[in-house]
Amino acid sequence: MNVKNPTGTVLYLIEKAIKEYRKISQKNITKIVKDITVDQCLVLIILNKNTEISQNELANLIFKDNASITRMVELMVKKDFLNRTIHPEDRRKFNLEITEKGKKTLKLINPIIQINRDTALNGLSLEEINFLDKTLNKIISNCKI
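Numbering (the UniProt record's numbering), first residue to last: 1 to 145.
Treat the hints loosely; a few may be bogus.
Stated by the list, open to error - Here are the simulated BS3-like pairs of lysine-lysine, each with C-alpha atoms no more than 30 Å apart in a straight line:
#, residue 1, residue 2
1, LYS23, LYS64
2, LYS4, LYS138
3, LYS19, LYS107
4, LYS93, LYS16
5, LYS27, LYS4
6, LYS138, LYS34
7, LYS93, LYS138
8, LYS79, LYS19
9, LYS19, LYS138
10, LYS93, LYS27
11, LYS34, LYS23
12, LYS103, LYS93
13, LYS79, LYS103
14, LYS49, LYS101
15, LYS31, LYS101
16, LYS23, LYS78
17, LYS19, LYS104
18, LYS64, LYS78
19, LYS4, LYS103
20, LYS93, LYS104
21, LYS104, LYS79
22, LYS31, LYS64
23, LYS49, LYS4
24, LYS144, LYS49
25, LYS144, LYS34
26, LYS107, LYS93
27, LYS107, LYS31
28, LYS144, LYS19
29, LYS23, LYS138
30, LYS4, LYS104
31, LYS79, LYS31
32, LYS16, LYS107
33, LYS78, LYS107
34, LYS4, LYS31
35, LYS93, LYS64
36, LYS19, LYS31
Claimed, not checked - DEER-style ranges, computed between Cβ atoms:
#, residue 1, residue 2, range
37, VAL10, SER125, 13 to 23 Å
38, ASN66, LEU126, 29 to 39 Å
39, LEU75, SER125, 35 to 45 Å
40, LYS19, ARG71, 14 to 24 Å
Hints listed in this document are in silico derivations from the structure and should not be mistaken for laboratory results.
All values derive from a computational prediction rather than experimental measurement.
C-beta: ideal position from N, C-alpha, C; glycine also.
Using the sequences provided together with the hints, build the complete structure.
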């Protein structure tokens, strides 16, 4: 069986698009907030929408393992983006709360996120975006175990 060069596949292009998007996103975010990463921004955005989310759920949403999300949360607490307290009913769990610095950061990065998305999707019609969304969801479904 002749396997195609991986750099010539659509899956390679998807990965490359994601990496390029993350690079431009980090570059633009760093212009506004120096000490935060794209993943840390995602944590703030998700916590802002769902204050009751567990660290495990948070890890799944941003494609991280539990050890990685724990390190990230610890760093965000040190940088004063988050407060972490022990859950009153389950001492194995933590409550995460966005600090004032975290809330200010969210206000600063929200317009940057929209600019990043607009830049990435520039030149694509709504029809193309919808088709891409549908196609990517099919790939995701095909890969679910």
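Comparing the hints with the structure gives:
no.	hint	result
1	LYS23 x LYS64	holds, 18 Å
2	LYS4 x LYS138	holds, 22 Å
3	LYS19 x LYS107	holds, 25 Å
4	LYS93 x LYS16	violated, 36 Å
5	LYS27 x LYS4	violated, 33 Å
6	LYS138 x LYS34	violated, 37 Å
7	LYS93 x LYS138	violated, 35 Å
8	LYS79 x LYS19	holds, 25 Å
9	LYS19 x LYS138	holds, 21 Å
10	LYS93 x LYS27	violated, 34 Å
11	LYS34 x LYS23	holds, 15 Å
12	LYS103 x LYS93	holds, 23 Å
13	LYS79 x LYS103	holds, 13 Å
14	LYS49 x LYS101	holds, 17 Å
15	LYS31 x LYS101	holds, 17 Å
16	LYS23 x LYS78	holds, 24 Å
17	LYS19 x LYS104	holds, 27 Å
18	LYS64 x LYS78	holds, 20 Å
19	LYS4 x LYS103	violated, 47 Å
20	LYS93 x LYS104	holds, 26 Å
21	LYS104 x LYS79	holds, 13 Å
22	LYS31 x LYS64	holds, 25 Å
23	LYS49 x LYS4	violated, 42 Å
24	LYS144 x LYS49	holds, 26 Å
25	LYS144 x LYS34	violated, 37 Å
26	LYS107 x LYS93	holds, 28 Å
27	LYS107 x LYS31	holds, 14 Å
28	LYS144 x LYS19	holds, 22 Å
29	LYS23 x LYS138	holds, 26 Å
30	LYS4 x LYS104	violated, 48 Å
31	LYS79 x LYS31	holds, 18 Å
32	LYS16 x LYS107	holds, 29 Å
33	LYS78 x LYS107	holds, 20 Å
34	LYS4 x LYS31	violated, 40 Å
35	LYS93 x LYS64	holds, 17 Å
36	LYS19 x LYS31	holds, 19 Å
37	VAL10 x SER125: 13 to 23 Å	holds, 20 Å
38	ASN66 x LEU126: 29 to 39 Å	holds, 38 Å
39	LEU75 x SER125: 35 to 45 Å	holds, 40 Å
40	LYS19 x ARG71: 14 to 24 Å	holds, 21 Å
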